[in-house]
Amino acid sequence: MFPLTRHSVLLSIASPEEPQRRRGLEVLAEAYWRPVYKYLRLRWGAAAEEAEDLTQGFFARALEKGFFAQYDPQRARFRTWLRTCLDGFVSNERAAARRLKRGGGAALLPLDFAEAEAELAGSAAWPEADVEERFRREWVRALFAGAVAELQEECRAAGKGVRFALFERYDLDPPPEGRPTYAQLAGDFALPVTQVTNHLSAVRRDFRRLVLARLRAATGSEDEFRAEARDLLGGMPP
Amino acid sequence: MKLADAAVERLQEALDWPDLSGTRYEPVDVLGRGGMGTVYRARDRELGREVAVKIVRGTDTAPATAERLLHEARVLARLEHPGLVPVHDAGVLPDGRAYYVMRLVRGTCLDEHVAALGPAPGPRLRIFLRVCEAVAFAHAHGVVHRDLKPQNVMVGPFGEVLVMDWGVARVLDFEERTGTGTATATGTGTGAGTVMGTPGYMAPEQAAGGAASADQRSDVYALGAILRFLCADSGRRMPRPLSAIVEKALAEDPERRYAGVPVLQADVAAFLSAEPVSVHRENVLERLARLLDKYRTAVFLVLAYLVMRMALLLWAG
Chain F
55 MFPLTRHSVL
65 LSIASPEEPQ
75 RRRGLEVLAE
85 AYWRPVYKYL
95 RLRWGAAAEE
105 AEDLTQGFFA
115 RALEKGFFAQ
125 YDPQRARFRT
135 WLRTCLDGFV
145 SNERAAARRL
155 KRGGGAALLP
165 LDFAEAEAEL
175 AGSAAWPEAD
185 VEERFRREWV
195 RALFAGAVAE
205 LQEECRAAGK
215 GVRFALFERY
225 DLDPPPEGRP
235 TYAQLAGDFA
245 LPVTQVTNHL
255 SAVRRDFRRL
265 VLARLRAATG
275 SEDEFRAEAR
285 DLLGGMPP
Chain E
538 MKLADAAVER
548 LQEALDWPDL
558 SGTRYEPVDV
568 LGRGGMGTVY
578 RARDRELGRE
588 VAVKIVRGTD
598 TAPATAERLL
608 HEARVLARLE
618 HPGLVPVHDA
628 GVLPDGRAYY
638 VMRLVRGTCL
648 DEHVAALGPA
658 PGPRLRIFLR
668 VCEAVAFAHA
678 HGVVHRDLKP
688 QNVMVGPFGE
698 VLVMDWGVAR
708 VLDFEERTGT
718 GTATATGTGT
728 GAGTVMGTPG
738 YMAPEQAAGG
748 AASADQRSDV
758 YALGAILRFL
768 CADSGRRMPR
778 PLSAIVEKAL
788 AEDPERRYAG
798 VPVLQADVAA
808 FLSAEPVSVH
818 RENVLERLAR
828 LLDKYRTAVF
838 LVLAYLVMRM
848 ALLLWAG
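First to last, the sequence lines map onto chains F and E. Take 55 as the starting number for the first sequence in my numbering and just add one per residue. Take 538 as the starting number for the second sequence in my numbering and just add one per residue.
Think of the hints as simulated: they come from the structure by calculation, not from any bench. It is possible that part of the hints are untrue.
Claimed, not checked - DEER-style ranges, computed between Cβ atoms:
no. : chain 1 : residue 1 : chain 2 : residue 2 : range
1   : F       : Thr235    : E       : Val642    : 17 to 23 Å
2   : E       : Arg640    : F       : Ala123    : 53 to 59 Å
3   : E       : Val629    : F       : Pro70     : 45 to 51 Å
4   : F       : Ala178    : E       : Arg578    : 32 to 38 Å
5   : F       : Pro230    : E       : Ala652    : 32 to 38 Å
6   : F       : Ala101    : E       : Ala769    : 53 to 59 Å
Heads up, the beta-carbon is just placed ideally off N, CA and C, and yes, glycines get one too.
Can you make the complete structure from the sequences, with help from the hints?
Below, the structure is given as structure tokens:
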């Protein structure tokens, strides 16, 4: 599912082989398309249809022109650089005042815009001062959502559905009255408390592994990966 | 998959959640995060009590951080005092992170607690004396804190005062303590040139020469800064004997500071009991005011007696 590691995504995008370039783009798009779409809707004020076209168009143009390959890790975080590219792309598209017809008029990537639109319900426009942080938050949300889906699939395939169920009850979606104790979980799942502890430890370890793998693929350099990992784990000093 | 903001926050927490499988502790929630690690409230299943577990952060794989955390545990383990948090256990988790288990301390940091104290100096100085007791005890056992500040002092709901965060403490050996041999010290990545401490509370020699140059008098300086914080925060003008104590403790030159915490402690206790302090020569008026303050009950009784006598004399005659 996620074989590209160690920033090889950026190398793939620069590859002369079209299939490899496209694979790299798919991985990047998976991590970034939702933040991109929401940014277009809430920062650029694009209507849903225009934002869909611009999102597809942006990634199509990236594949066509290979501009992600020009990224220089010395100058900015990849996330910030991508947003700068996006701003330039949207400005040009709007100035030309033309509808986007990239990828031969067909959608390049199978993106679920309806789901992203549902997530936007009731959201206010992003104020200028908050753009960087909002974009980061959406990017983290997309990163986690992908890792959770992959974790669920891994647990299901390994016949460890109970692990994911415990993770869901304790970390992902605890009841509104608050997190259950391990003893309560043990009672509910008819397991010894020690097994609940072990399952939760293992599933969190797997979740961390999946998040870090995605993070590594979605960042531009080892330094950036480490910086982003530190941010995700609480902003500790190096 | 749609994730709400709260779910994203919980997942972020889960990323750093420690793997306590194989131990008797079950993490409950996060109590706080510091530069070195995260402190969790945890349940000790064997003894059925709550404890605090301090654990190195998930991404911090630097051996120096693990060593520093275990160093803190060892420092605390050798100091048994009511003003210091007792350590129950220490080790390395299956995920490679160092941890130690200590008593769960409930309370607020001194910088927040002062707001509840009111402007009178008495309660503030009594807390300060308790901090001095703990630090003096550590010094007597060859341990220098090196990062004393109000945020590292915890005041509990029953008035207990605890000095926390011994992560950069320096353990002096016997010769250095007694001045009978070559100075050596153990610490964690805190040798010459490494600056550890907090601006505003860090002694000048510590800021200039690195953590290795810090000794008991560096802690005296930090205590002076804490005393200044406590007195300045009250909003009242600091009495001259007290400002002389602060000035002495905060002297630039370590040689000009109090030679040790007990001497500083004695001066503050003297001020609190309306006794003269060693670092301030009072004038006649100050002496009179101090004596009036010290013997105010007796003075009040004598005055009341005289007024009553006068009233009786006037009534009788």
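Tested hints:
no.: 1; hint: Thr235/F to Val642/E: 17 to 23 Å; in the structure: holds, 22 Å
no.: 2; hint: Arg640/E to Ala123/F: 53 to 59 Å; in the structure: holds, 56 Å
no.: 3; hint: Val629/E to Pro70/F: 45 to 51 Å; in the structure: holds, 48 Å
no.: 4; hint: Ala178/F to Arg578/E: 32 to 38 Å; in the structure: holds, 36 Å
no.: 5; hint: Pro230/F to Ala652/E: 32 to 38 Å; in the structure: holds, 33 Å
no.: 6; hint: Ala101/F to Ala769/E: 53 to 59 Å; in the structure: holds, 58 Å
In the structure shown, no violation is registered for any of the earlier numbered hints.
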